[in-house]
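Novice: Residues per chain, in single letters:
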Amino acid sequence: MPTDSCTPPHPVPPASALPIPAWTVTCAVGAGRQALLDALRTGRSGLHVNDFNALPLPTYIGRVSGLEDLPLPPDLAAWDCRNNRLAWLAIQQDGFLEQVRAAVQHHGAHRVAVVLGTSTSSIGATEEAYRRLTPEGRFPPDLLRREIHNPHSLAGFVRELIGAQGPTYTVATACSSSAKVFAQAERLIRCGLVDAAVVGGVDSLCDSVFYGFHSLGLVSPQPCRPFDARRDGISLAEAGGYALLVRPAAEDMAHTSVAAPVLRLSGHGESSDAHHMSTPHPQGLGARLAMTQALKLAGLRAQDIDYINLHGTATRKNDEVEAQAIAALFPPTLRASSTKGWTGHTLGAAGMVEAAICLLGLSENWTPGTLYCDEPDPEMPPAFQAMLKTTAQAGRELRHAMSNSFGFGGNNCSLIFSRDPGGPA
Amino acid sequence: MSAPVLHLNLLGIGVWAEGIGNWAEARATLLADTAAADAPVAVQPAAAGTSAAHRPPTTLLPPTERRRAPTTVLLALNAAEQACSMAGLSPAELPSVFASSQGDLDIMHYICEVLAESPEHLSPTKFHNSVHNAASGYWTIGTGCMQASTAVSAWSTTFAHGLLEAATQALCADAPVLLVAYDMPAVGPLVSATDPSDLLGMALVVSPATPGMPQGWGGISLQTQVVERPQAPPAAALDTAAGMRLLRALAGDQPGQVALPLTPGLDLLASLAIAPASPG
Chain V
0 MPTDSCTPPH PVPPASALPI PAWTVTCAVG AGRQALLDAL RTGRSGLHVN
50 DFNALPLPTY IGRVSGLEDL PLPPDLAAWD CRNNRLAWLA IQQDGFLEQV
100 RAAVQHHGAH RVAVVLGTST SSIGATEEAY RRLTPEGRFP PDLLRREIHN
150 PHSLAGFVRE LIGAQGPTYT VATACSSSAK VFAQAERLIR CGLVDAAVVG
200 GVDSLCDSVF YGFHSLGLVS PQPCRPFDAR RDGISLAEAG GYALLVRPAA
250 EDMAHTSVAA PVLRLSGHGE SSDAHHMSTP HPQGLGARLA MTQALKLAGL
300 RAQDIDYINL HGTATRKNDE VEAQAIAALF PPTLRASSTK GWTGHTLGAA
350 GMVEAAICLL GLSENWTPGT LYCDEPDPEM PPAFQAMLKT TAQAGRELRH
400 AMSNSFGFGG NNCSLIFSRD PGGPA
Chain H
0 MSAPVLHLNL LGIGVWAEGI GNWAEARATL LADTAAADAP VAVQPAAAGT
50 SAAHRPPTTL LPPTERRRAP TTVLLALNAA EQACSMAGLS PAELPSVFAS
100 SQGDLDIMHY ICEVLAESPE HLSPTKFHNS VHNAASGYWT IGTGCMQAST
150 AVSAWSTTFA HGLLEAATQA LCADAPVLLV AYDMPAVGPL VSATDPSDLL
200 GMALVVSPAT PGMPQGWGGI SLQTQVVERP QAPPAAALDT AAGMRLLRAL
250 AGDQPGQVAL PLTPGLDLLA SLAIAPASPG
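Order-wise, the sequence lines are chains V and H.
Yeah, the first sequence ends on 424 if you go by numbering that gives the first Met the number 0, and it's all consecutive.
Yeah, the second sequence ends on 279 if you go by numbering that gives the first Met the number 0, and it's all consecutive.
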């Protein structure tokens, strides 16, 4: 058989903006979209004094309540662990589970992909096993469930829950994980491999993240203060959320509600800092590359972006570098804020949580401020200080919002979401 | 609607395992293995606890970093360097996909053990090395590559998903992409709760088979296929071995097809066509 490399390839169309007919988020302020919107509007933070473990240093956390009393459905009990309980709680909000099951019916199970981000996965269960080893040094019987002791635990659970059979994989790139899933799923759809994709992410509190981030000196003893002059680190938190992306053909919208404004994933950009495992590129070059790429894919200019949800973790370095990168690219008319004062830093789930906040903003023509930024750092570029909003903003129709996530290893992802013009307000 | 076929050119291969330092050595081993296409590949298993003693070389890290780098990082970097060299492409130009079923089990063991005994002594270096994208991070830092890089897992179907991700990236960007897959054996209590694995790293550089793209020395065409299976495919002797089945088919210099499970209801069919003058 001769070499086949001359056969014309399956044509890959240019990227198009994918509708997002369903999405949901659950975090420390409560379960579901309305709880988050209410908290953002009223300035009610989800952070409180650490009551999760015996970390001997003061810190504030974002904890999702009720997981201890929320077992999984009996036929999925093999997946039980805190991270999958949070996944289960989150997927039941906002009618998401019903809509995804309808999508599986409509498109066919093998035409729905599952691409989920996590950094913790179920490591909390592995940590627990090490605390309760048998005398022979093995895992105790109740934790001898192989499917949970690896990064894919979350996606494996969700796939089985919703009955999908399409490509199903996990992205674990630290704090950019559940942003990159949007880009990866968009490519699966663009190449014609699937018609729909469940994306999102779930990360949960566990000792690894507490002691790990503490050992790096990155955890604040107070609720985190993004871009504040006296910011001193992150507040660890957990969250879960999902979005349904569909191929932009009319027939794909037939089974979903058309009463809401049509929101889309219109662009994405990814890059690496090539600098250091746990500190960002000093000029934010990787971040700039990712944002520029996202704009290019969306066919937008910087001035078309109405709002940016900043990564804004409240570490000295991230915020300093991010401020420079934003100031270099965007005009002063931009509104930008970090919402980690409400949600905490949800690590592998941050991409999804902050995507959801952008979608909330586009739906409401309203953008949140920056909770706990009481005195914006005067060292930041003046151009950025003008863009940074410490209070909520309304009174302008919003068309395009960007969300940025920058993870360990210098892994950067920028997403752009857009709202179709016209339609219901 | 039938599934689309994704046509790729294969530009470079890297392999590192016990007793196998490159593709030429891998080919010799694989050619001697005459099992059927869907049978597992007999890679010499690493003895328990030897992973620390077998650390692949890499040119990309200074000596101190090399000593502190996790074993899987060295595996990944070694295989990736080989593939880029064979492809004649600079690492800095290539977006990358890093795929591992279970990640670095030495570090996972260390972290869980320290947390159970004396959590305040957790090493910050080992913590930032425990992220699933550690190899991706070290690679992009070591090569100065600012292209996108991802780190994926799909447990027992990781290699197939990594290959699919590399393919969609290559086709959407119309540019070559690096795929690196690696896994290692467990130590300590993790042995009881994880799938057995060989110490294995492999890498491919693929490009879309479009006019003007380097042709390399072979083609891989990918297509998903719906399958009926009574239950999930077996976890088997770990998933990077799926990559080895692909390599065995490539080693044979004959056109062939390998079916790699993606989910219980879907396979990835990889059809291989080899150019007359393949390297190794």
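None of these hints come from the bench; they were simulated from the model.
Some clues are possibly wrong.
Said to hold, decoys possible - Pulled a few chain V residues facing chain H out of the computed Cβ check, cut under 8 Å:
1. E126
2. P134
3. R137
4. Q282
5. G298
6. Q302
Said to hold, decoys possible - So these bits of chain V aren't anywhere near chain H, every CB distance computed over 10 Å:
7. E67
8. P166
9. R334
10. G406
All values reported here derive from a predicted model rather than from experimental measurement.
C-beta: ideal position from N, C-alpha, C; glycine also.
Novice: Each of the hints needs a verdict: does it hold here or not?
Specialist: Verification of the supplied hints:
| no. | hint | in the structure |
| --- | --- | --- |
| 1 | E126 | holds (5 Å) |
| 2 | P134 | violated (12 Å) |
| 3 | R137 | holds (4 Å) |
| 4 | Q282 | violated (12 Å) |
| 5 | G298 | violated (16 Å) |
| 6 | Q302 | violated (25 Å) |
| 7 | E67 | holds (20 Å) |
| 8 | P166 | violated (5 Å) |
| 9 | R334 | holds (27 Å) |
| 10 | G406 | violated (7 Å) |
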